[in-house]
Amino acid sequence: MNNAEDRLSEIIARYRSDPVSLIAVLQDIQSEFRYLPPAALRRVSSELAVPLSRVMSLATFYRAFSLKPQGRRGIHVCLGTACHVRGGPLVLEKFERELGIKAGETTADGEFSLNAVRCVGCCGLAPVATIGEDVHGKISQTKVAGLVKKYKG
Amino acid sequence: MVQLTIDGKPVEVEEGATILQAAKKAGVAIPTLCYHPLIEPYAACRVCEVEVAFRGKRDLQTSCNTKAQAGMEIWTDSERVLETRRLNVEMLLARAPAAEPLREIAKDLGVETTRFPVKDPNEKCILCGLCVRACEQIVGASAISFVDRGSERRVSTPFGEESEACIGCTACAHFCPTGAITVEDKSGRQVIHDEMFLGPATAIRVPIRQAVPMIPFIDKSACIHFKTGECKVCAKVCDRAAVNFEQEDEVKEVEVGSIILASGFKTFDPRRIPAYGYGRYPNILTAMEFERMVNASGPTGGKVLKTDGASPQSVGIIHCVGSRDENYHPYCSRVCCMYSLKFAHLLKEKTGAAIYDFYIDMRCFGKGYEEFYHRLLEEGTKFVRGRVSEISTLALTDKEEGKLVIRVEDTLLGVVRRIPVDMAILAVGLEPDADHNHVAKTFNISCSQDTFFLERHPKLAPSSSFTDGVFLAGTCQGPKDIPDTVAQAGAAAAEALALADLGKVELEPTTAVIDEELCSACRICVGLCPFTAITVDSEKGAAVVNDALCKGCGTCVAACPSGASYQRHFRDEQIFAEIEGIFLV
Amino acid sequence: MPKLTIEALEDIRQKARGAPAGGKGRPARAVVNVHLGTCGSAAGARAVMDVLKAELDRRSLSDVLLTSSGCAGLCSQEPMATVEIAGQAPVKYANLTEAKIKAILEKHIVGGTVLAEYALGSGYEKTGGRPALNVRPGPESPAELLPSVPRLDEVPFFKKQVLIALRNRGLIDPASIDDYIARDGYKAAIMALTAMTPAAIIKEIALSGLRGRGGAGFPTGIKWDLVRNAAGGNGGPKYLVCNGDEGDPGAFMDRSILESDPHSVIEGMIVGAKAIGTATGFVYIRNEYPLAVEAVNRAIGQARDYGLLGRDILGTGFDFDLQVKRGAGAFVCGEETALLASIEGRLGEPRPRPPYPAQSGLWGQPTCINNVETWANVPAIITRGAKWFAGIGTETSKGTKVFSLVGKINNTGLVEVPMGITLREIVYDIGGGIPGGKAFKAVQTGGPSGGCIPNGKIDLPIDYESLTEAGSMMGSGGMVVMDEDTCMVDVARYFLSFTQDESCGKCTPCREGTKAMLDILTGITEGKGTPDDLVLLEDLARDIKDTALCGLGKTAPNPVLTTLRYFRGEYEAHILEKRCPAHVCRALNVYTIDPRLCLDKGRGCDVCRRNCASDAISGRKNEAHAIDQAKCIKCGVCADVCNFDAVRVE
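Protein chains in written order, with this note's numbering: chain A, 1 to 153; chain B, 1 to 585; chain C, 1 to 650.
Everything labelled a hint here was simulated from the structure, so no lab data went into it. Any given hint could turn out to be false.
Computed, partial: chain A to chain C, Cβ under 7 angstroms [what the hints assert, rightly or not]:
#1 64
#2 90
#3 124
Virtual Cβ for every residue (Gly too), placed ideally from N, Cα, C.
My request is simple: use the sequences and hints to build the entire structure.
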């Protein structure tokens, strides 16, 4: 992989420095770097000719963005309505205990980030959690430890 | 035009006007927080809600952005309006309990306290977004924005650091209705006193109160529009559409018969005397700064304040700063004694502080001046005769702690004294303006030893210069006070008028003349002429003499290598003929 | 690929018709269609697919075509697959495992015998009266169906459903435009572009009575007419937007449509583009739906290749193109003005209306926004006629509505039902009732903007007006069923925490008010509530409803208002008796272990102690266990893991 500067240039070039694509550019940076590095935000601001203050307000408004590095695997515990009534919060708490972090944090080894999300649209399988790209349905507190172990190993 | 009723009163407003504007026209007050007439309505605070009945529907609308429409019936103080307004204000109070305008609105609505948890009792920001919108829409800088969302929302610069986009216009603080944004002077200088010395706070102003014509101008270096292309607030509020951003400075050529020079002076910069600590210690002011401070329209509203906002308990006034001093200016600036006495008087009146006046000689030369000095003596001003050697903050005793210590040899007592004061005012002297030499050269005027313009004769022609038709008035000729300046200016004006009245100028009979046939436009004469009377006419390809300026000194005649220049009535042939004649007799 | 003419497109259609559904136009002896929606994948459909593939390769069964389609609707019985032997009715199998699919391969695909014990049903779902939309639905007569397996449209879950928006459910491969074309796809687009004037299209849509399926139910025909007649600022362009920012928790029909049938939305938008007169459209898709983004992008690419998007569509001289915009994780962007701001790359902050987007939308130009389900309905209305559509539903609400039936219900999944159906029919007939024989308590509809409809209103016929009347709303169609174990105060608190978290923070009532309401509700669920709280809650709710800036804010108090209206007793139990009747509010619960059950039934299995989060449980294997109340943090894990119901919650 090229260095960070080149990767950033590539992303910005993808959208031809179009300010209308600001959100898309930030999304690509987020998925590339797993967060929005301050230097990248400054460059986006200058190359897309969008004031840095506006870039910052977007970066802090939308939940898809993070100003802190996220873990290699994102664990998203769904707290949609169906998941809530079927015990989603309990699952989230169990993940918190299992990983030793709170929702919104990343483990010290940078492996996992734990986040609560509002509905991943798999309500039929509630409660649901996604780990990386995988969706896990009908999970309960008892399954959590096993899941964490599986992805660690 | 659109007709509607507000609280039962019929109102007629222009098409496109908002309910808020209509209410204003009807004389009905509606409280607002996030609204400012110069900025697009945002409809966020929800305090200006009114009840609107229109087309069979009756609901609450924000008056700041809802357009008035024909047939609307509006209530601004129905129970439903007041109830929701009270609750919204009560919720805002929990966020920003220290926001004064909010508290006032709350008080008017009968909301005393808030039932919701208060996070920070000192918070002033109500998240109205006026600062963000002003910075974006008016200033065009977008240096600040909202960050985060929901109840975490707040206003911030990027990363909470000093913003590179900020142009320091302070518009955000200006538009902030609650004083939540304070402007900090980062250069480490005195805040009140510097702001004061920075001069007028606005970029659009009249140069001085007595300016003629009395027309404001835009200071491009301070104007936001000339930095970002936005703003134009002045044009928006000027209902005579008189603001013109295209106007440029222009150089005008005016043909005149005579000129009166009144180019004034500047004050001595006390930084040149390091021992006086000006610019290093707080609360040391120049006379001009103090003058601005005691002005009722000044930054402190006429109050005498120290940098910490308190009134001084003791003030020292130091005379002859830069004047009567071999190291700087040996001359007496003539005005300092009297303005210092005025300051002492004002200080006594405004603060009741102990006033120390350090002087070398008290020069109260004018009419009534000596009497004023005696009045000051009676008022209890402490006069100390002696030149101040140093002002410092070095405290040797408890009494001197936190004070400015003025060290002076009291020549009447014959001892060296240390006098601690809260504030020191430097009676700075007068000196020629910075472009003084340039002006002198332009008008062909000489300067005296003190570098002020030299008059033709100190007694017989005090307002004339050595150049005919150029007169002197005021301090450009030497330090003088206002009565003297006015007197001299009157004399200069009279002399100029006398010339104009005559309608003609008597020329020297023996001016120089250039023979165009012989002149090769070599320009030797142009540089030599002490009266700048010779120019080269490029069309003719020859030098031309201005008869009004030529004094007939003959320098050009002697210098002309081709013999093209000659003196009227004194041509070589004429002189030779005269000589021949003498010999014939 | 060369751009198609209309004739060439019809050609593709004709060829594909003869082949089995999902066959991509290729002839095959048998087709196995694995339903690979997000739900299906999560339930293990991908493993089923892999096993099938390996087995088919191993047996070199080249005359069996393995394909996939999107969501089959019945989430609770995923993974599912459909097997169709040429000339026979297709059979849908449910609850598949690797073993089961191997058996099906062996017996049904190879052997030709239907495995009735694994089968859910055979044949097709109903698609709104006449079978015309079922281009090749195969044998319609019962005689041709397989006697050992019930007809699919007689299976309780499917029986009362009528598919219009979901008409291609389980039948097409979302990655194949030919599959879509085979099922009358792009027929409406051709009609609109060649045979209809914009006025005629708008009239048709208006006559059909179609109303926005995103929540508020604004008549679509009127909206199009407004945009058509809006003077574009400086004669500038108009825009078309598909709102796929399906943010309501508990609703996923839009995701399902975008993932499983993206062309239906694209086609709807082509029709809309012709109607309002625009060449540019955007599909705004929620960030949480990466598969939908992928599916729509792929579909747009295919449509462009076929000349169905871009310049001079099918040689008709009409230009229209689409672009996908991804959301970035903000519920408020489902609100149309916030969504438009987000498309423009700005902060997703609602602005006051008027002006409505129809007057001044994207970049100040007239903009038509409809949600995914609305767009998916459009082609069906154009091909089958407004009269047909208007014949379904009630007086004010025409057609069908897709609901996502989830929560405490046996058959979870997507259901598309005619407007006017009663809640009882949905919960008991389609949903199969409440699991575990628990009592039905309420249905939450409309997401955070909606409310809870209690048992007493179970015979409510569902349409826009009746739901609003009951204090809820149609919303995007989430339907979360709650049983006796659901605490309504907790549900209200949940929704407030949602709206509070998702509030953009612009206006005071939403920013400060939802926070205040959440604080009060949290207090109540923790046993700190006072009777005054209910008064303040109601005051706040009224205030927010009256004065919030956008629709989301205005409706945020609905969950609290409806639960207060129908379940005030539960609030009072929390406040006055410090008790949660449903044992959900954990701060009010006391967990104890029944020593007899623990020992007699479970033999002191020790599972609870090992899982206890705070080491509060004492006991050893073969001993009765006990909870130290001083140490218990009330996480509830013991009750969750105990297999013998020995943990009592009071």
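Each hint tested on the structure:
{"no.": "1", "hint": "64", "verdict": "4 angstroms, holds"}
{"no.": "2", "hint": "90", "verdict": "6 angstroms, holds"}
{"no.": "3", "hint": "124", "verdict": "2 angstroms, holds"}
No hint from the list above goes unmet by this structure.
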